[in-house]
Amino acid sequence: MSVKVTLALIAAAALAACGDSGTGTSIAINTGDGNMVAGVDGNGQLAINLPGGFAGNVKLPKMTLNADNFDMNGVHLFPGSTISGLNVDANDKQNGGLVRVTFASPASPGTVRDWFFEKLSKQAGFQITASGDDLIGTTDENEPFRLDLAPDGADRSKGTIVIGG
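Using mature numbering (1 follows the signal peptide of the UniProt record, and there is no 0), the letters of the sequence shown correspond one by one to residues -16 to -1, 1 to 149.
Mixed in with the good hints, there may be bad ones.
Derived SDA-like pairs: lysine to any residue, alpha-carbon spacing no greater than 20 Å straight-line [as the list claims (entries may be wrong)]:
| id | residue 1 | residue 2 |
| --- | --- | --- |
| 1 | K142 | T66 |
| 2 | K142 | A51 |
| 3 | K142 | G69 |
| 4 | K106 | G58 |
| 5 | K142 | K106 |
| 6 | K103 | A88 |
| 7 | K142 | N71 |
| 8 | K106 | N126 |
| 9 | K106 | D118 |
| 10 | K103 | T48 |
| 11 | K142 | A114 |
| 12 | K103 | D117 |
| 13 | K103 | P128 |
| 14 | K142 | S92 |
| 15 | K103 | D118 |
These aren't lab readings, by the way, just hints derived from the structure by calculation.
With the hints as constraints, model all of the structure from the sequences given.
Next up, the structure:
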């Protein structure tokens, strides 16, 4: 995946964002054959399963990632958003992999969509169009991009970003 999704920043921020309250962010990194290499669930359980037979589980403090811990070519998530899941999957070799991010935002789907449209099309060079509350198109490197948004109560939304695949 060649979109400049800042995974190193996410890893560093994850350590800084550790806490023991509520449900944390789930993170999974998968290999080209579809097997998970490493992952952390929302309760802080770290699982590692490397080729060659090394496997292990470690309990870490829960971590919560927010809007500042993720960016796409310099565009962070909508301000005040929290990330509930991050999945990096190298299984789709034809398209260079897939990144899926699930998040919650403190604004309506239309507000979040309009904010992303402005930032991604002008600042990050994505070619996107609106489809209802969603955005579809390509990144600046011509990789498939999709943002799906749905209401989650009054003036709140849940979203999923998929890059690649």
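The hints, checked one at a time:
Taking the CA atoms of K142 and T66, the gap is near 10 Å; set against the 20 Å cutoff, the hint holds. The hinted pair formed by K142 and A51 meets the criterion: a straight-line CA distance of about 13 Å does not exceed 20 Å. Simply put, K142 and G69 have alpha-carbon atoms about 12 Å apart, close enough for the 20 Å limit, and the pair holds. This hinted pair checks out: K106 and G58 have alpha carbons roughly 11 Å apart, not beyond 20 Å.
At most 20 Å may separate the alpha-carbon atoms for a hinted pair to count; K142 and K106 exceed this at roughly 23 Å. About 18 Å separates the Cα atoms of K103 and A88, which keeps this hinted pair within 20 Å; it holds. Only pairs whose Cα atoms come within 20 Å are accepted, and K142 paired with N71 is accepted, the gap being roughly 16 Å. At roughly 15 Å between alpha-carbon atoms, K106 and N126 fall within 20 Å of each other, so this suggested pair holds.
Restraint check for K106 and D118: satisfied, since their Cα atoms lie roughly 17 Å apart, inside the 20 Å limit. Restraint check: the Cα-Cα separation between K103 and T48 comes to about 24 Å, which exceeds 20 Å; the hinted pair is violated. With a CA separation close to 17 Å, the supplied pair K142 and A114 stays within the 20 Å bound. Only pairs whose Cα atoms come within 20 Å are accepted, and K103 paired with D117 is accepted, the gap being roughly 16 Å.
Among the hinted pairs, K103 with P128 is consistent with the structure: their alpha-carbon atoms are about 17 Å apart, no more than 20 Å. Between the alpha carbons of K142 and S92 the distance comes to roughly 9 Å, so the proposed pair stays at or under 20 Å and holds. About 15 Å separates the Cα atoms of K103 and D118, which keeps this hinted pair within 20 Å; it holds.
Consistency note: the structure conflicts with the earlier hints numbered 5, 10.
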